[in-house]
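These protein sequence lines are chains A and B, in that order.
Numbering of the first sequence is given in this note's numbering, commencing with residue 1 and proceeding in unit increments.
Numbering of the second sequence is given in this note's numbering, commencing with residue 1 and proceeding in unit increments.
Mixed in with the good hints there might be a few duds.
Unchecked claim - Going by beta-carbon spacing under 8 Å, a handful of chain A positions derived as facing chain B:
(1) 5
(2) 9
(3) 12
(4) 15
(5) 17
(6) 249
(7) 281
(8) 306
Unchecked claim - Selected chain B positions facing chain A (in silico; Cβ < 7 Å):
(9) 32
(10) 38
(11) 39
(12) 41
(13) 62
(14) 79
The hints are simulated quantities; they were obtained by calculation from the structure and are not laboratory data.
Bear in mind the structure is a predicted one, so any value in this text is a computation, not a measurement.
For glycine and all other residues, C-beta sits at the position ideal for the given N, C-alpha and C.
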Amino acid sequence: MVPFAGWDMPVQYQGVIAEVKAVRGDAGIFDVSHMGRLSIHGAGAASFMDSLVTFSVMTLATGRARYGFMLSDNGGILDDVILYHTQFEDGSDMLRLVCNAGNRDAVKAWMAQQSQAFRGVTVIDHTADTVLVAVQGPRALDIVDGLCPDEPKPSALRPFGAAPFPLTVGDGAVAEGFIGRTGYTGEDGVEIAMEAAYGGRLWEALAAAGATPCGLGARDVLRLEAGLRLHGSDMDLTTTPLEASLERFVNMDKGIFHGRDALELQDEDGLRRKLVGFRMLGGGVPRHGCDVLYEGETIGEITSGTYSPILDTGIAMGYVSAEHTAPGQRVHIDLRGRLVEAEVAELPFYRRPKSQ
Amino acid sequence: MTEHPRELRYTIEHEWVRVEDDGTATIGVTFFAQDQLGDVVYVVLPAVGSTVQKDSKMGEIESVKSVSDLFVPVSGEVIETNQDVIDHPERVNEDPHGAGWMVRVRMSDPSEVDGLLTNEQYDSAIAT
């Protein structure tokens, strides 16, 4: 167990590589209850959230989720978030936000500050009284379907679809799981939010159905292979979504939002640096903080790296000056004094095979 | 119960040494070390023929989670490195005291071995 943003987190259960293989080939479960879970209520909730994130909340349909960013007014990334839109049987709406554990306080403070301009908006923090369990891998949906006593089953969700489902969690108890077909591994799968009292039994039920318990170590390898950025490493308040090469999650046509003007200016001025992927051509594993060199000159820095079991080599992401971002560009990475050859690689490193 | 065989000697830096019948020393990392490191994915070893000094850095061992220096427990000349462990670093996890060995050294001062830890001393060192 290691401390992580105030939570005790398992790094590994049986071993990082075995867990990675379980997720790529079968199904793994991750306790990601540390991630922040907030709900936003009130008549102005949608327009309030629309002013805070880089995607359109006004066009976010019921039962759908979107990924994007909360930006500072300078365009820096305060956090990357997923927002889910749910409708209850009585017709009332709710927005649920999942944010990073380490940013929950900053996100809440920013929301509290900005919500003053919106009448009747309330934000409730559910992090402590719910769990969040990710079930990921080609067999993830089968396993979750197996716990659902009703029709339709969770596999009826489309990617980035989300809805509540009843789930049988040990000793015959049925609890409601709010299930989104989302994840952080590059595999198909879901994330399940549930009342904390049922958390242990949900975990046991998923494990009993054959899902492999996975820790933070495997999660980091999987997300890197899938090219998914980690806030705090690959992006933060000093980087913008354009620099992080995530402009596809920014909707410049939707109207005003915090950070928009800064992004527009940066787009006009041109980027000086950009996040790219790296594949090692020599041995060793690139890590956060390693320098990237071109013809002996430092052109950037690694923000996260790992060993990829699928590619059987080191992989990384990092920022380099804009003229060196073309895939295939040869560079050197300084691994503790050893200059090892690498090339700029297309992201993601791994794309799951299309299901038949 | 110990995972660390009685016939090996150990260092606080988690290397083991086995003195072979011909007087050479085989060196690797301990069961405890590989268990702490997790999946080993890369190993850097010294060149055959190089001279190494006791307690100096001889290479690196890298797992998915972290990278650590390897120290040489005895002085001498490197006469062999384990190519199998370079090609298949997972050998270190599978069999740390056997197939996962790293280098063989012709010792310049075999009495250095006497100063290394016994398995009992090593076990109590890692228990604290």
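Going through the hints against the structure:
1. 5: Given a least distance of 18 Å, the restraint on residue 5(A) is violated.
2. 9: violated (13 Å)
3. 12: holds (6 Å)
4. 15: holds (6 Å)
5. 17: holds (4 Å)
6. 249: This interface hint is violated because 28 Å lies over the 8 Å limit.
7. 281: violated (14 Å)
8. 306: holds (6 Å)
9. 32: Violated, about 16 Å.
10. 38: It holds, given that the least Cβ distance between residue 38(B) and chain A is near 6 Å, below 7 Å.
11. 39: holds (4 Å)
12. 41: holds (4 Å)
13. 62: Status holds, d = 5 Å.
14. 79: At about 23 Å, which exceeds the 7 Å cut-off, the nearest Cβ of chain A leaves the hint on residue 79(B) violated.
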